[in-house]
Amino acid sequence: MKKILIVDDEKDIVETLAFMLKSKGFECICAYDGEEGLKLAKESSPDLIILDVMMPKINGYKICRLLKYDSKYKNIPIIMVTARSQEEDKIIGEETGADEYITKPFEFNDIIEAINRYLG
Amino acid sequence: MPKILLISELNETTREISQYIEQNDCKYFLCEQNEENILRQVEEINPSIILIDVDYNNAEFLTKQIKTQTQAQNTQVILLLDKNQDIAYLNFADGFITKPINKNILIHTLNSHIKIKKTLEQMSENNKELARSLYQLNVLYNTSSQFTGTLDKSKLYKIMLEALEKTLSFDISSALLFDSQGEAKLYINSLCEPTENLKEALGMRLVLSYKNLFEKQTLPHDITLDGIEIVQNIKPSHIQNIFDLRVLNYDSLFAPIKVGEDFFGVIELFRKTPFLKEDVTCFQTLIHQVALPLRSATLYEEIKNTNIKLERLERLKSDFVSIVSHELRTPLTPINNSLEIVLSEQAGPISDDAKNFINMAKRNVVRLSGIIEDLLDLSRVQTGKLDFKYKVANLAPSLELIQKTFEQSGQEKNITVSLDVEKNLPEVYADTHRVEQIISNLVTNALKFTPEGGSIKITAKKIDSGEINQELLVSPFYPLSGEYVKISTKDTGIGIKKEDIPKIFEKFSQIENSLTRNIGGVGLGLSITKQLLDAHLGAITVESKEGEGSDFSVYLPLTDEKKCFIMDINQALGCTEEVGILSIKENENCGFIEEILNQNLIKLTKKSKELKLKDKYFALLVNINQSALEFMEKSVMEEAKKPQWEKCGIVLKKVFSKQDGKDLLKILNKINL
Chain R
1 MKKILIVDDE KDIVETLAFM LKSKGFECIC AYDGEEGLKL AKESSPDLII LDVMMPKING
61 YKICRLLKYD SKYKNIPIIM VTARSQEEDK IIGEETGADE YITKPFEFND IIEAINRYLG
Chain L
1 MPKILLISEL NETTREISQY IEQNDCKYFL CEQNEENILR QVEEINPSII LIDVDYNNAE
61 FLTKQIKTQT QAQNTQVILL LDKNQDIAYL NFADGFITKP INKNILIHTL NSHIKIKKTL
121 EQMSENNKEL ARSLYQLNVL YNTSSQFTGT LDKSKLYKIM LEALEKTLSF DISSALLFDS
181 QGEAKLYINS LCEPTENLKE ALGMRLVLSY KNLFEKQTLP HDITLDGIEI VQNIKPSHIQ
241 NIFDLRVLNY DSLFAPIKVG EDFFGVIELF RKTPFLKEDV TCFQTLIHQV ALPLRSATLY
301 EEIKNTNIKL ERLERLKSDF VSIVSHELRT PLTPINNSLE IVLSEQAGPI SDDAKNFINM
361 AKRNVVRLSG IIEDLLDLSR VQTGKLDFKY KVANLAPSLE LIQKTFEQSG QEKNITVSLD
421 VEKNLPEVYA DTHRVEQIIS NLVTNALKFT PEGGSIKITA KKIDSGEINQ ELLVSPFYPL
481 SGEYVKISTK DTGIGIKKED IPKIFEKFSQ IENSLTRNIG GVGLGLSITK QLLDAHLGAI
541 TVESKEGEGS DFSVYLPLTD EKKCFIMDIN QALGCTEEVG ILSIKENENC GFIEEILNQN
601 LIKLTKKSKE LKLKDKYFAL LVNINQSALE FMEKSVMEEA KKPQWEKCGI VLKKVFSKQD
661 GKDLLKILNK INL
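Those sequence lines, one after another, are chains R and L. FYI, in our numbering the residues of the first sequence are 1 to 120. FYI, in our numbering the residues of the second sequence are 1 to 673.
Just to be clear, a hint being listed does not mean it is correct.
Derived pair list, reagent style DSSO-like, types lysine-lysine, alpha-carbon separation capped at 30 Å [said to hold, decoys possible]: (1) L:362 to R:11; (2) L:497 to L:486; (3) L:362 to R:3.
Simulated from the structure, these hints should not be mistaken for lab results. In this text the structure is predicted, and so the values were computed from the model without any measurement.
Produce the entire structure from the sequences given, and follow the hints as far as they go.
Next comes the structure, spelled out in structure tokens:
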């Protein structure tokens with residue numbers, strides 16, 4: 001079973017997303033802030049990460065960069081979920097190395113399609 | 001009584017003379033001491049006439065000394081000569097009388113010389129006054145030019161006080177001056193340190209006088225003396241001396257500082273020596289002079305504050321839109337997710353009715369997120385934050401993609417969506433993603449307003465600006481010229497009334513228009529479309545007949561050097577705060593500009609751009625403040641005058657701030673690239 005790490009400070013989003021992914025046969029682990037997300041990404045070796053941008057402690061772009069510039073983790077596909085907010089605008093444009101961007105609110109189909117591109 | 005000094009030995013002649021003098025109602029002094037005493041006496045008595053007996057010892061020395069060394073220059077020196085006596089120093093004296101004395105001649109001579117002395121004194125007094133007035137005038141003149149040089153209230157007050165000090169040499173001045181918030185300060189300028197009592201008294205006098213001015217009307221500014229700030233300025237050389245309440249007995253001048261209804265304060269001056277008529281005139285002139293620039297300063301401050309407020313409001317508005325959209329988007333995500341889960345029956349089976357309603361909810365979530373998307377785009381377009389990625393592009397693939405997407409949605413309403421693209425459609429300089437957004441907006445609208453069984457035709461072809469029907473144009477942002485790609489969407493919908501056409505491009509137009517409200521949407525689509533087209537230097541026309549359908553056509557300029565250049569500059573404007581633009585004809589080497597900037601520590605910022613147009617024009621966008629911009633304008637233009645740049649034909653066309661991108665475009669257009 002493929003393991004997916006979901007990192008988002010919005011519990012409702014994590015919960016619904018995890019439910020849906022589980023029903024599609026994925027194993028899900030969840031983190032609710034950037035720090036926890038980075039820790040789990042390194043410890044639980046997920047097959048793919050779904051990452052929110054604006055989060056407390058460490059923002060998603062930074063996590064993405066930290067993982068993508070680390071040879072140990074750089075092969076884990078990362079899907080960034082963005083709300084296109086003003087704060088995001090300020091940090092955007094930096095090279096993050098994310099594999100995929102999806103705008104909130106998203107359709108499950110879009111997420112599933114994206115996941116399948118990397119894990120299918 | 002005129003005083004007459006007689007310098008002689010006591011003898012018959014002098015006795016005679018003194019008799020006559022006293023008879024003539026004059027005061028008479030006789031000197032026969034040594035020269036030093038005589039000279040001192042001359043200074044002390046300051047006589048109208050000095051009679052010197054030439055037979056007296058040292059008569060020559062005394063005559064010369066009195067006329068050249070003493071303050072008594074106007075004093076008439078008359079020599080007593082013997083008949084036929086000839087002396088070399090006669091021309092130092094003012095007149096002579098021969099001995100023996102003839103009474104009538106003596107009296108007559110004395111009287112006319114007394115008159116001469118009086119006239120001379122009057123003249124020198126007048127001269128002094130004239131000099132003073134001239135000086136005052138000079139100060140007034142200088143001050144008036146200083147007044148026009150500033151719009152800063154406190155500076156104006158300072159200039160006024162300095163000028164008063166120079167012209168009227170007052171001992172102490174007190175002024176109650178109001179700032180733009182109506183807060184008063186007490187300014188005391190003094191030669192000596194004033195006592196606390198005096199300061200309080202001065203303040204009280206001014207407050208009372210101020211209140212007296214508006215006896216029966218409301219005061220322009222409320223005032224209490226408690227806690228009023230005192231700004232004190234004392235001449236450092238007199239710091240040991242003290243002014244106490246006795247100063248209030250000095251001569252004083254008072255005036256309100258005002259123009260018409262605008263009131264700025266009151267001022268009072270004190271001087272030990274009485275003020276003259278000219279002083280009063282000078283005082284009033286100065287006070288009147290300062291009032292006018294003070295009013296300008298007030299107006300200027302008001303405008304500045306309003307501007308700051310407006311800017312803040314504008315920023316708040318766009319921040320608000322952006323934040324709200326983000327905040328709306330986040331909760332929308334789990335709502336959408338949950339609906340999808342229920343719909344997919346992963347969380348258990350649901351009835352068909354329930355499915356219908358959940359579907360309804362889901363459709364509206366999609367609609368809501370579309371509106372949020374529009375709102376965000378709009379706020380970004382307006383704040384210049386929307387990024388355009390211009391490139392030379394063929395639009396045909398984009399149009400095909402749109403047709404395919406909308407073909408499906410059309411089928412639901414039984415509407416055909418067709419596409420007809422001219423063969424070899426020329427390329428345009430555009431952000432294809434934004435062009436897709438523009439056309440999608442138009443087709444979405446067409447679908448919305450076209451009843452079942454209708455059709456939507458998308459066509460694309462090249463046309464010349466001359467073929468565009470000017471009457472149908474919707475306020476083009478950039479004048480049309482040259483060739484364009486015209487993309488039309490023609491529907492068989494409900495159409496738009498002619499008078500409503502301009503309105504549909506306004507923000508939230510549908511909210512205001514109750515007729516179309518039931519169709520849905522908030523009417524941001526066309527407003528965004530228009531703004532996106534403006535950025536592309538494009539245009540839009542609308543042709544519509546109620547009940548028959550509408551034809552929206554957008555025009556995108558063919559790849560054109562000048563237009564690309566302008567679009568690039570406009571795009572770059574979004575990245576810099578202040579912008580300086582130089583355009584240089586037949587550019588050979590513009591390195592010197594950078595050199596000048598570097599020398600003066602004006603750094604080109606990371607995001608500043610150098611844009612070139614076929615070696616002919618050159619624009620430099622720098623992120624610097626206004627004064628640096630002005631400096632740049634000056635120094636670069638000076639450099640450009642040098643013969644070695646003659647060939648380059650450098651034109652620096654004004655320096656702009658980002659404030660108004662539209663103005664910039666207009667001016668750039670005038671440069672006649």
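We went through each hint and held it up to the structure:
A distance of roughly 21 Å separates the Cα atoms of residue 362 of chain L and residue 11 of chain R; the hinted pair therefore holds under the 30 Å criterion. Between residue 497 of chain L and residue 486 of chain L, the direct Cα distance comes to roughly 23 Å. Compliance with the 30 Å bound is thereby established for this hinted pair. This hinted pair checks out: residue 362 of chain L and residue 3 of chain R have alpha carbons roughly 29 Å apart, not beyond 30 Å.
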